[in-house]
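*Asks:* Here are the chains, one letter per residue:
Number of protein chains: 2
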Amino acid sequence: MTASNAFDPASIEVIAFDVFGTVVDWHSGIAAEVERLLPGVDGSAFALAWRAGYQPAMKAVMARIEAGEGGFTLLDELHLSILEGVLSDYSIGEDRLDRAGRRELNRAWHRLPAWPDAVAGLARLKRRYTICPLSNGNIGLLTNMAKRAGLPWDCVLSAEVFKAYKPDPRTYLGVAGIFDLPPNRVMLAAAHHSDLAAARHCGLATAYIERPAEFGPGQPKDVSPQPGNDLHARDIGHLADLLGC
Amino acid sequence: MTASNAFDPASIEVIAFDVFGTVVDWHSGIAAEVERLLPGVDGSAFALAWRAGYQPAMKAVMARIEAGEGGFTLLDELHLSILEGVLSDYSIGEDRLDRAGRRELNRAWHRLPAWPDAVAGLARLKRRYTICPLSNGNIGLLTNMAKRAGLPWDCVLSAEVFKAYKPDPRTYLGVAGIFDLPPNRVMLAAAHHSDLAAARHCGLATAYIERPAEFGPGQPKDVSPQPGNDLHARDIGHLADLLGC
Numbered sequence: 013m014t015a016s017n018a019f020d021p022a023s024i025e026v027i028a029f030d031v032f033g034t035v036v037d038w039h040s041g042i043a044a045e046v047e048r049l050l051p052g053v054d055g056s057a058f059a060l061a062w063r064a065g066y067q068p069a070m071k072a073v074m075a076r077i078e079a080g081e082g083g084f085t086l087l088d089e090l091h092l093s094i095l096e097g098v099l100s101d102y103s104i105g106e107d108r109l110d111r112a113g114r115r116e117l118n119r120a121w122h123r124l125p126a127w128p129d130a131v132a133g134l135a136r137l138k139r140r141y142t143i144c145p146l147s148n149g150n151i152g153l154l155t156n157m158a159k160r161a162g163l164p165w166d167c168v169l170s171a172e173v174f175k176a177y178k179p180d181p182r183t184y185l186g187v188a189g190i191f192d193l194p195p196n197r198v199m200l201a202a203a204h205h206s207d208l209a210a211a212r213h214c215g216l217a218t219a220y221i222e223r224p225a226e227f228g229p230g231q232p233k234d235v236s237p238q239p240g241n242d243l244h245a246r247d248i249g250h251l252a253d254l255l256g257c
Numbered sequence: 013m014t015a016s017n018a019f020d021p022a023s024i025e026v027i028a029f030d031v032f033g034t035v036v037d038w039h040s041g042i043a044a045e046v047e048r049l050l051p052g053v054d055g056s057a058f059a060l061a062w063r064a065g066y067q068p069a070m071k072a073v074m075a076r077i078e079a080g081e082g083g084f085t086l087l088d089e090l091h092l093s094i095l096e097g098v099l100s101d102y103s104i105g106e107d108r109l110d111r112a113g114r115r116e117l118n119r120a121w122h123r124l125p126a127w128p129d130a131v132a133g134l135a136r137l138k139r140r141y142t143i144c145p146l147s148n149g150n151i152g153l154l155t156n157m158a159k160r161a162g163l164p165w166d167c168v169l170s171a172e173v174f175k176a177y178k179p180d181p182r183t184y185l186g187v188a189g190i191f192d193l194p195p196n197r198v199m200l201a202a203a204h205h206s207d208l209a210a211a212r213h214c215g216l217a218t219a220y221i222e223r224p225a226e227f228g229p230g231q232p233k234d235v236s237p238q239p240g241n242d243l244h245a246r247d248i249g250h251l252a253d254l255l256g257c
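Sequence lines, in order, name chains A and B.
Add 12 to a position in the first sequence, counting from 1, and you land on the number used in my numbering.
Add 12 to a position in the second sequence, counting from 1, and you land on the number used in my numbering.
Possibly wrong hints are sitting among the right ones.
Taking lysine-lysine and the BS3-like style, the derived pairs with C-alpha atoms no more than 25 Å apart in a straight line are [as the list claims (entries may be wrong)]:
1) B:K159 - B:K138
2) A:K159 - B:K138
3) A:K71 - A:K175
4) A:K159 - A:K175
5) B:K159 - A:K159
6) B:K175 - B:K71
7) B:K159 - B:K175
8) A:K138 - B:K159
9) B:K175 - A:K138
10) A:K138 - A:K159
11) A:K175 - B:K138
Taking beta-carbon pairs under 8 Å as the criterion, some of the chain A residues facing chain B (in silico) [unchecked claim]:
12) T142
13) F191
14) P195
15) H204
Chain A residues, not near chain B, derived (Cβ > 10 Å throughout) [what the hints assert, rightly or not]:
16) A57
17) E116
18) D129
Rather than coming from a laboratory, the hints here were simulated on the basis of the structure.
Nothing here was measured: the structure is a model prediction, and the numbers come from that model.
Glycine included, every Cβ here is placed at the ideal spot set by N, Cα and C.
Model the full structure from these sequences, guided by the hints.
*Replies:* Here it is as structure tokens:
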């Protein structure tokens with residue numbers, strides 16, 4: 013890729029990471045917790061249904077905020093309301109999973125496992141760069157996750173800090189503002205091209221991270237390079253290689 | 013102390029730390045940077061003058077916000093405006109310290125040294141508790157400081173997250189809200205009784221940290237215990253002892 017050949021690692025000071033799918037494996041983590049708390053249910057299908065509810069729910073929240081009819085909502089609350097819908101679709105009532113059980117299952121998003129390369133790759137990047145998440149997950153969720161999985165963030169940035177969700181420019185530009193840097197000294201690393209495109213539009217550098225198994229082994233994902241990203245990495249360890257860390 | 017005898021360390025999940033004076037030594041750090049950038053100036057006196065401008069400046073900002081005449085201001089900006097006043101009092105013009113030099117001196121607050129016990133004490137506490145700063149310092153300042161000094165925070169909380177400054181209840185209750193906990197499961201650790209009193213008023217547990225040299229060796233500070241705090245510790249290592257970490 014021409015773009016990656018021309019890219020100068022010394023131009024970057026901060027690397028912000030998308031989290032769900034990029035740093036942690038939500039599909040396996042949610043599937044395992046579903047099968048633990050709801051024996052007999054297909055964890056993979058349930059996880060896919062729960063995650064599929066995310067984009068529509070987020071769009072609805074953003075539309076309500078836009079219309080002045082609602083405030084910022086924590087991802088924990090959004091996850092819980094989507095969960096209620098999925099449980100209803102599965103005809104799982106409170107007799108089978110009570111309120112405490114629903115809350116525990118909802119907290120599965122706080123307990124997601126890191127991809128095998130993530131902790132070591134982040135530790136290498138941390139030696140040279142300031143590293144942080146930039147996720148629509150709330151700060152508490154991201155902090156609990158990091159503590160459990162050993163993600164060595166320098167700080168935890170979240171939609172909750174900016175009171176705006178990705179792909180709102182306030183989130184990407186917000187990271188640059190936090191560190192008093194021009195946007196091109198911040199890189200977003202993500203497994204989703206739409207997230208990277210929005211960051212690039214704000215002037216950030218971008219790195220695509222391949223996560224072919226994001227949706228589980230049954231649904232391989234197209235991870236082919238797209239033009240415009242500064243870097244294209246197989247995983248976070250490879251990103252550290254590409255940046256010479 | 014009766015209160016500390018009755019205190020149950022298992023009741024706490026999160027310990028939030030005041031930073032300036034409690035975790036880092038602003039007096040020595042600022043004094044050294046002043047003497048580096050302004051040879052011949054008494055660094056200790058300059059540091060005390062700069063810090064003395066903080067409370068009045070913060071009160072003015074809070075009054076402007078209260079009156080609807082101003083927004084949230086980052087501590088970096090507040091520090092810079094106080095610095096301008098101190099430089100003027102010292103008759104130090106732009107010929108002696110230009111704009112870039114002023115900016116560099118202002119960033120001395122990002123480079124403050126940790127008290128000698130802080131890093132090891134925080135690492136012990138981190139094994140059992142979620143630990144974070146709760147400071148009026150902005151997120152970028154606190155993150156740069158932590159990275160440089162090796163402060164092992166689980167996340168970086170700041171007045172900037174809550175768009176309110178200590179001792180506003182939104183800051184103390186905000187920490188509990190971030191982690192979806194009742195206030196009494198959060199402890200504030202600080203070297204300042206007024207900060208602890210405000211936190212206690214919100215229902216948080218409190219630990220006083222003695223920092224007799226906060227204002228430098230020439231101005232020893234009264235660090236005698238005051239009733240009401242759950243714990244009274246000589247330093248952060250002693251706090252870990254008291255909590256059985």
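*Asks:* So, for every hint listed, does it hold in this structure?
*Replies:* Evaluated hints:
{"no.": "1", "hint": "B:K159 - B:K138", "verdict": "16 Å, holds"}
{"no.": "2", "hint": "A:K159 - B:K138", "verdict": "9 Å, holds"}
{"no.": "3", "hint": "A:K71 - A:K175", "verdict": "15 Å, holds"}
{"no.": "4", "hint": "A:K159 - A:K175", "verdict": "23 Å, holds"}
{"no.": "5", "hint": "B:K159 - A:K159", "verdict": "17 Å, holds"}
{"no.": "6", "hint": "B:K175 - B:K71", "verdict": "15 Å, holds"}
{"no.": "7", "hint": "B:K159 - B:K175", "verdict": "23 Å, holds"}
{"no.": "8", "hint": "A:K138 - B:K159", "verdict": "9 Å, holds"}
{"no.": "9", "hint": "B:K175 - A:K138", "verdict": "28 Å, violated"}
{"no.": "10", "hint": "A:K138 - A:K159", "verdict": "16 Å, holds"}
{"no.": "11", "hint": "A:K175 - B:K138", "verdict": "28 Å, violated"}
{"no.": "12", "hint": "T142", "verdict": "6 Å, holds"}
{"no.": "13", "hint": "F191", "verdict": "5 Å, holds"}
{"no.": "14", "hint": "P195", "verdict": "15 Å, violated"}
{"no.": "15", "hint": "H204", "verdict": "23 Å, violated"}
{"no.": "16", "hint": "A57", "verdict": "29 Å, holds"}
{"no.": "17", "hint": "E116", "verdict": "13 Å, holds"}
{"no.": "18", "hint": "D129", "verdict": "22 Å, holds"}
The structure does not agree with the numbered hints 9, 11, 14 and 15 stated previously, though it agrees with the rest.
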